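Below, each chain spelled out in residue letters.
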Amino acid sequence: MLDIKFGEQGQIVVSGRFDASQAERAEEFLSKVTESREMDLGGLQYISSLGLGVLLATQKRLMGTGHALKLTNVRGHIREIFHFSGFEQVFEIDPNPPA
Amino acid sequence: MTAIQRASAPSIVALAVLLALIAGGHAPFAASSYKAVPGWGQLPDGEKWGEVPNVAIDPAGTICNTAQLAVEELFTNLVKYSRGGKSDIRIDLARDGGRLIVSLTDFDVEPFDIRTVPDAKTDLSLAERKPGGLGIHLVKRLVDHIDYEYADRNSTTTFIKNLE
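First to last, the protein sequences are chains W and B. Under the numbering used here, the first residue of the first sequence is numbered 1, with each subsequent residue one higher. Under the numbering used here, the first residue of the second sequence is numbered 1001, with each subsequent residue one higher.
Hints are computed from structural coordinates only; laboratory data are not their basis. This structure is a prediction, so every number in the text was calculated from the model and none was measured. Keep in mind that a hint or two might mislead.
Example chain W residues on the side facing chain B (calculated, C-beta under 8 Å, incomplete) [said to hold, decoys possible]:
| no. | residue |
| --- | --- |
| 1 | Asp19 |
| 2 | Ala20 |
| 3 | Tyr46 |
| 4 | Ser48 |
| 5 | Ser49 |
| 6 | Leu52 |
| 7 | Gly53 |
| 8 | Ala57 |
| 9 | Gln59 |
| 10 | Lys60 |
| 11 | His77 |
| 12 | Phe84 |
| 13 | Ser85 |
| 14 | Gly86 |
| 15 | Gln89 |
| 16 | Val90 |
Virtual Cβ for every residue (Gly too), placed ideally from N, Cα, C.
With the sequences and hints as input, model every part of the structure.
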């Protein structure tokens, strides 16, 4: 199950499994984001290509208005998937692993 | 690799547990089948994947996550693009020493070899990039080997993930 919500500092907190079955719900949540935010992925256990597509579409939309998502607390295997997806070129990704 | 069982519609939990057990050396091989319908209803359910008791045998979850990702991407690809596919997609799982071997077979369809799919252009600028097209690209990078067979209108994609 994917959990996606706003944290106390206004960051987007994502945890669980971001797969095909969760993409539509995540897309609906992220459509409410209209300005730059940090996205805390410390609890994200799994992401597939449809989840990546949702993140990419959100970043494209935000960049169109001068805003962006910054990805933080990215776990090792998620970071590997981001790398193979070329996300370093289109997202600012905090280099520090989750505590 | 031999399929010992073909269920008509097992839950995704069964497949995920089998993946974990096989990766951990607790079971030699198994098979399941999933209905290839044009929609997401039969796709691996995230909540149920999360119930897999794989902590003891794959502490970081890396192997199972990679295998599940490859299965999800290949399965969704078959559902979306398989020309003529109306039957279940069979998923065979096996362990051969230090290798996890997973095959997806689609029946009575046109051939489709994912090895011929061009890589996604991941070096484009954000303005040039379009969401989508990453699934097969990721599978080709995350698994250690991919085979393809097409015979009697049955299409089988097999991937190998080294267990180390």
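Interface hint for W:Ser49, Cβ within 8 Å of any Cβ on chain B
With Cβ-Cβ at 4 Å, under 8 Å, it holds.
Interface hint check: W:Gly86, Cβ to nearest Cβ on chain B, cutoff 8 Å. Holds or violated?
Holds - the Cβ of W:Gly86 comes within 8 Å of chain B, reaching about 3 Å at its closest.
Should the interface hint for W:Ser48 be scored as holding, given a Cβ-Cβ cut-off of 8 Å against chain B?
Status holds, d = 5 Å.
Would the stated hint for W:Tyr46 survive a check requiring a Cβ distance to chain B of less than 8 Å?
holds, 5 Å
Is the interface hint for W:Lys60 satisfied, with its Cβ closer than 8 Å to some Cβ of chain B?
holds, 6 Å
Under 8 Å, Cβ to Cβ, is where W:His77 needs to be relative to chain B, so tell me if that hint holds or is violated.
With a minimum Cβ separation of about 5 Å from chain B (threshold 8 Å), the hint on W:His77 holds.
W:Gln89 as an interface hint toward chain B, with CB separation required under 8 Å:
At about 7 Å, which falls below the 8 Å cut-off, the nearest Cβ of chain B leaves the hint on W:Gln89 intact, so it holds.
Take the shortest C-beta to C-beta distance between W:Gln59 and chain B; is it under 8 Å?
Where the cut-off is 8 Å and the nearest Cβ of chain B is about 6 Å from W:Gln59, the hint holds.
Close enough to count: is the Cβ of W:Ala20 nearer than 8 Å to one in chain B?
holds, 5 Å
Does W:Asp19 hold up as a contact with chain B if the rule is Cβ-Cβ below 8 Å?
holds, 4 Å
Measuring from the C-beta of W:Leu52 to each C-beta in chain B, is the shortest one below 8 Å?
W:Leu52 check passes; min Cβ-Cβ to chain B is 5 Å, inside 8 Å.
W:Val90 as an interface hint toward chain B, with CB separation required under 8 Å
holds, 4 Å
Hint violations for this structure: none, all hints satisfied.
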